[in-house]
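Q: Working from the sequences, and respecting the hints, build out all of it.
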Amino acid sequence: MAVSLSFSPSSRPDPLWLGRLGLWDFRPHARLEMRMDQRPVILNGENGGGKTSLLEAISFFAPGRGLRRAASREAARHGGEGGWTVSADLHGAPQAPSPLPLGTALPPDPSRRARKTRIGGKSASSPLAFGEILSLLWITPSMDRLFAEGAKARLRFLDRLAAALHPDHAARAASYERAKRQRQRLLEGRAPDKDWLDALEDRMAEEAAQLARTRASLLEDLTRRMAFVRETGFPTARFSLEGDFEKILAAEGGDKAALWLKERLRHQRRLDAHLRRASVGPHRARFSACHLPSGTPAALASSGEQKALLLGILLAAALLMGERKKEAPLLLLDEALVHLDKERREALFRAMITLGLQVWMTGTDAEPFAFLGAKAQFFSVAPGAIRRVS
Amino acid sequence: MAESAERGAEIARLISLLAALPGLGPRSARRAVLHLITRREESLKPLITALTRLDTEMRQCPQCGAIDIRVPCRICADPRRSGEILCVVEHMGDLWALERAEAFRGRYHVLGGALCALDGIGPEDLNIASLLERARNPELREIILATNATVDGQTTAHYLAEKLSGMATVSRLARGVPIGSELDYMDDGTLADALRQRRPF
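Protein chains in written order, with my numbering: chain A, 1 to 390; chain B, 391 to 591.
Mixed in with the good hints, there may be bad ones.
[Claimed, not checked] To list a few chain B residues with every Cβ distance to chain A over 12 Å, as calculated: (1) Ile427; (2) Leu437; (3) Thr442; (4) Thr446; (5) Ala491; (6) Glu492; (7) Cys506; (8) Glu532; (9) Gly566; (10) Ile569.
[What the hints assert, rightly or not] Computed cross-link-like contacts, PhoX-like style, restricted to lysine-lysine with a CA-CA straight-line distance of at most 25 Å: (11) Lys342(A) / Lys375(A); (12) Lys553(B) / Lys194(A); (13) Lys262(A) / Lys247(A); (14) Lys325(A) / Lys122(A); (15) Lys375(A) / Lys326(A); (16) Lys262(A) / Lys553(B).
[To be verified] Computed list of chain B residues with no C-beta within reach of chain A, every gap over 12 Å: (17) Gly398; (18) Arg403; (19) Leu408; (20) Arg449; (21) Gln450; (22) Tyr549.
Hints in this document: simulated from the structure, not taken from any laboratory. The beta-carbon is built from N, C-alpha and C at its ideal position, and this holds for glycine as well.
A: Next up, the structure:
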């Protein structure tokens, strides 16, 4: 089988990479400035030195909560003024000057909850605008048991992949969520206005079909790239996305599914008010994976295999983005080598280099990354201080 | 504190008032205030006169909800404006935007916001009762719902369409391909809307 797929080095998509990163009052870092080239970035240093905080800072160049899922205000440095700033120079963004200055900041004024967004020296209306120019994917140690726990977290992971590929997905998911929350607020209030509820359920139904369709087509696309995953040495997976709404969508198409959802929501108002949540819709979908080499559900695989499965999905998504968007995403891998044996570690390094990605990785010691040698750049991180090692 | 002592409490207060306005920050507010105090005759005094006049004479138009110093407002009072077609917007800014486009010759209705259960803004907080009243006028042929394409704007449009059904023809603004955009870079939903709302060449 031809598994080298679409990229010989000559046809490889342009990688996105950061040439500079600056932090002000972010987590333990009062002031920090670092310059990088295109190669993977390895951050080493003791616990509490602020390695993950650097990844989190970069993750704020995507809409929503960052990689720690913390509210923006929590990222402010203790003893600082209460606000923070992250700036960077982005290279390789299609249809944009290179380097492209990016900035995101939270004003010190505690009454302001929204962070500011600047792209190319101009203000943008919201961090959703970052989705138009760069793709960011990440995994963190809290996702190690993703397949065994929390359907919500799994769906969130899927949605982040979808948003990196389809910039409108994040906005659509936010619209759906907002309409759903408003409906719930009305249902739990006194004598809810029926026309208002109709209007909100109509909004939910309209967004729902497209949301579920984007998720399903992403899973099909990932499945088609499993040959590449096998070649990298990571375990392949079979995905499933199940739910009442998804079933109707697959059988009857978007318009009918939207009508069905509207009807169901209308009928379940009383129940939903009692349950304090919407009991039907794409937010209730169950996303799961099967570890194909062993034929067992991912949830039953060992910690190491689950981590490898997750990394394989991420590599497939990176490949897919390179093909679709003609840009390789930025990858943030926090403590990714934990649970991986030497063979898997080297497989990961090889795949990163083949895909030409600027992957940002953290780890207390440099030794596990030694395989990368001069193919990566190494930094030593301490609060407010960063030093290039090689 | 040092800033107040240096510039005087009143000037600091003016700076903080201006800095709180949309589109301005502390830096631009400081520059504006510096400009005002150094050009007292040509800038500060005319501004005081204009603000005072606005404060004493500004009224909400009882018909459409727009803010003007005339009652009824300029647009409601203009006999060249068609009374057969009504355009419903969320805010004054939306009315100004449509007026800038110079494409609409009917009258407006300003809701004063959009429905939002999270912020506690319900139908009774918006100019909806007066809209329903106006919709009963038999002269009215069409009502255009020009609320924003946000969740709240679209929810409000849907809500109004329900309330207005059977009164006049209710339409909404078209959604589709923005001028100057390439299909390859457009989001799927907008593209699907544009296809659905296609029209003969």
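Q: All hints, please: hold or fail.
A: Here is what the structure says about each hint:
1. With a least CB separation of 25 Å from chain A, Ile427(B) remains clear of the 12 Å interface cut-off, as annotated.
2. The Cβ of Leu437(B) lies farther than 12 Å from every Cβ of chain A, with a closest approach of about 26 Å, so its non-interface assignment holds.
3. Distance check for Thr442(B) against chain A: the nearest CB is about 29 Å away, which clears 12 Å, and the non-interface claim stands.
4. For Thr446(B), the shortest C-beta to C-beta distance to chain A comes to about 31 Å, beyond the 12 Å cut-off, and the non-interface label holds.
5. Non-interface call for Ala491(B) relative to chain A: holds, since the shortest CB-CB distance, roughly 20 Å, exceeds 12 Å.
6. At roughly 25 Å, the least C-beta separation between Glu492(B) and chain A is larger than 12 Å, which holds for a residue marked as non-interface.
7. Not every C-beta of chain A lies more than 12 Å from that of Cys506(B), the closest at about 7 Å, which undercuts listing it as non-interface.
8. The non-interface label for Glu532(B) is consistent with chain A: the shortest C-beta to C-beta separation is roughly 21 Å, beyond 12 Å.
9. Residue placement check: Gly566(B) keeps its beta carbon more than 12 Å from all beta carbons of chain A (closest about 14 Å).
10. Interface exclusion of Ile569(B) from chain A stands, the closest Cβ pair being 18 Å apart, more than 12 Å.
11. The straight-line distance between the Cα atoms of Lys342(A) and Lys375(A) is roughly 18 Å, inside the 25 Å bound, and the hint therefore holds.
12. At most 25 Å may separate the alpha-carbon atoms for a hinted pair to count; Lys553(B) and Lys194(A) meet this at roughly 11 Å.
13. In summary, the hint linking Lys262(A) to Lys247(A) is supported, as the alpha carbons are separated by about 15 Å, within the 25 Å threshold.
14. Only pairs whose Cα atoms come within 25 Å are accepted, and Lys325(A) paired with Lys122(A) is accepted, the gap being roughly 24 Å.
15. For the proposed pair Lys375(A) and Lys326(A), the alpha carbon gap of about 23 Å is at most 25 Å, so the pair holds.
16. Straight-line distance between C-alpha atoms of Lys262(A) and Lys553(B) comes to about 19 Å, which keeps the hinted pair within the 25 Å bound.
17. Once the 12 Å rule is applied to beta carbons, Gly398(B) is consistent with being away from chain A; the minimum gap is 23 Å.
18. No Cβ of chain A approaches the Cβ of Arg403(B) within 12 Å, the least distance being about 17 Å, so the stated non-interface status holds.
19. Listed as outside the interface, Leu408(B) is consistent with that label: its C-beta sits roughly 15 Å from the nearest C-beta of chain A, beyond the 12 Å cut-off.
20. Once the 12 Å rule is applied to beta carbons, Arg449(B) is consistent with being away from chain A; the minimum gap is 30 Å.
21. Separation of Gln450(B) from chain A is adequate, the least Cβ-Cβ distance of about 24 Å exceeding the 12 Å criterion.
22. A beta-carbon of chain A is positioned within 12 Å of the beta-carbon of Tyr549(B); the least distance is around 4 Å.
Checked against the numbered hints above, the structure violates hints 7, 22; every other hint is satisfied.
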